[in-house]
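S.K.: From first to last, the protein sequence lines are chains A and B.
Note that the first sequence covers residues 48 to 148 in my numbering.
Note that the second sequence covers residues 68 to 268 in my numbering.
For the record, the hints were derived by calculation from the structure and aren't laboratory data.
Owing to the predicted nature of the structure, the values given are computational and were not obtained by experimental measurement.
No false leads were mixed into what you were given.
These stretches of chain A come out as covered by chain B in the derived footprint (C-beta under 8 Å, 3 or more residues):
hint, stretch
1, 53-65
2, 74-87
3, 107-119
Note that the Cβ used here is the ideal one computed from N, Cα and C, for glycine as well.
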Amino acid sequence: MITLGHMLTLSAVLFALSVAGIFINRKNVLLLLMCIELLLLSANFNFVAFARFLGQVDGQVFVFFILTVAAAESAIGLAILVVLFRERRSIHVEDLDTLRG
Amino acid sequence: MLVSILFYSFATILVASGVGVITTRNPVYAALSLVLCFFTSAVLWMLIEAEFLAIVLVLVYVGAVMVLFLFVVMMLDINVEEIRRGFTRYAWLGWIVTATVIAEIVGVIVQRRLGVDVTRGAAPLPANYSNATELGTALFTRYAYAIEIAAVLLLVAIIAAIALTLRPRLGLKVQDVSAQVAVRAADRLTMVKMKPGGGAP
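Model the full structure from these sequences, guided by the hints.
M.R.: This is the structure in structure tokens:
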């Protein structure tokens, strides 16, 4: 039988993996965006689990809105990435120092 | 028992593909691992009877967002080797943070300070329960205003993405409609008075 603890632990592992991914892939904007998607997925796991195990549908409604925001975020993020690559021919995070004084 | 076996096997696949996302060298493989992550998450959500969101996850994420990711990965000509320089310099910090976060969250769960009993299973749902109906009822009554805002947010995202990536192509012959509309008859045509029988000037 699956309990709330199972789902929360799985979500914690996923969350920690994506935080580690942000540390490891901090050079590549594209992989950073993917790690953020994974982070949002682990948050969604918590919402779905609590919604199911506490018997309230509101958590699932919230997951719906997180999905919306994540889709908008990745669309705009990738658009910015494409424009950036056109300008710089690189998506290296360390090349993005134009605003440095 | 069967549910437990399914849960553990899919959770293993999920964690393994999560490790794949953050450690592969090639962004295409990372994106494909992320697709596998979303599929297994959808299966796990089905196991705890959140069917509608499981389908939405596959449709929205695998169908739209990850296709967009793969499209961008393949459109950009990224030098992978150059990006991976210095891969291990901060990796130890990443793994320390990972271990700490896992230990903290599992500690909280095990301590049962959440105010809920985490070892309790979910109450069984009635036979005629429909997840989509429940979710739709909540969305279009209590959360109607929020869903309008979400729709506007998506519209803003569409317009922003198009406006960011649209570039005017040089050397293209196009009509200037406002100039065409603004033209007057006097600009094009001159009326000349001529004497009858005078011949050409």
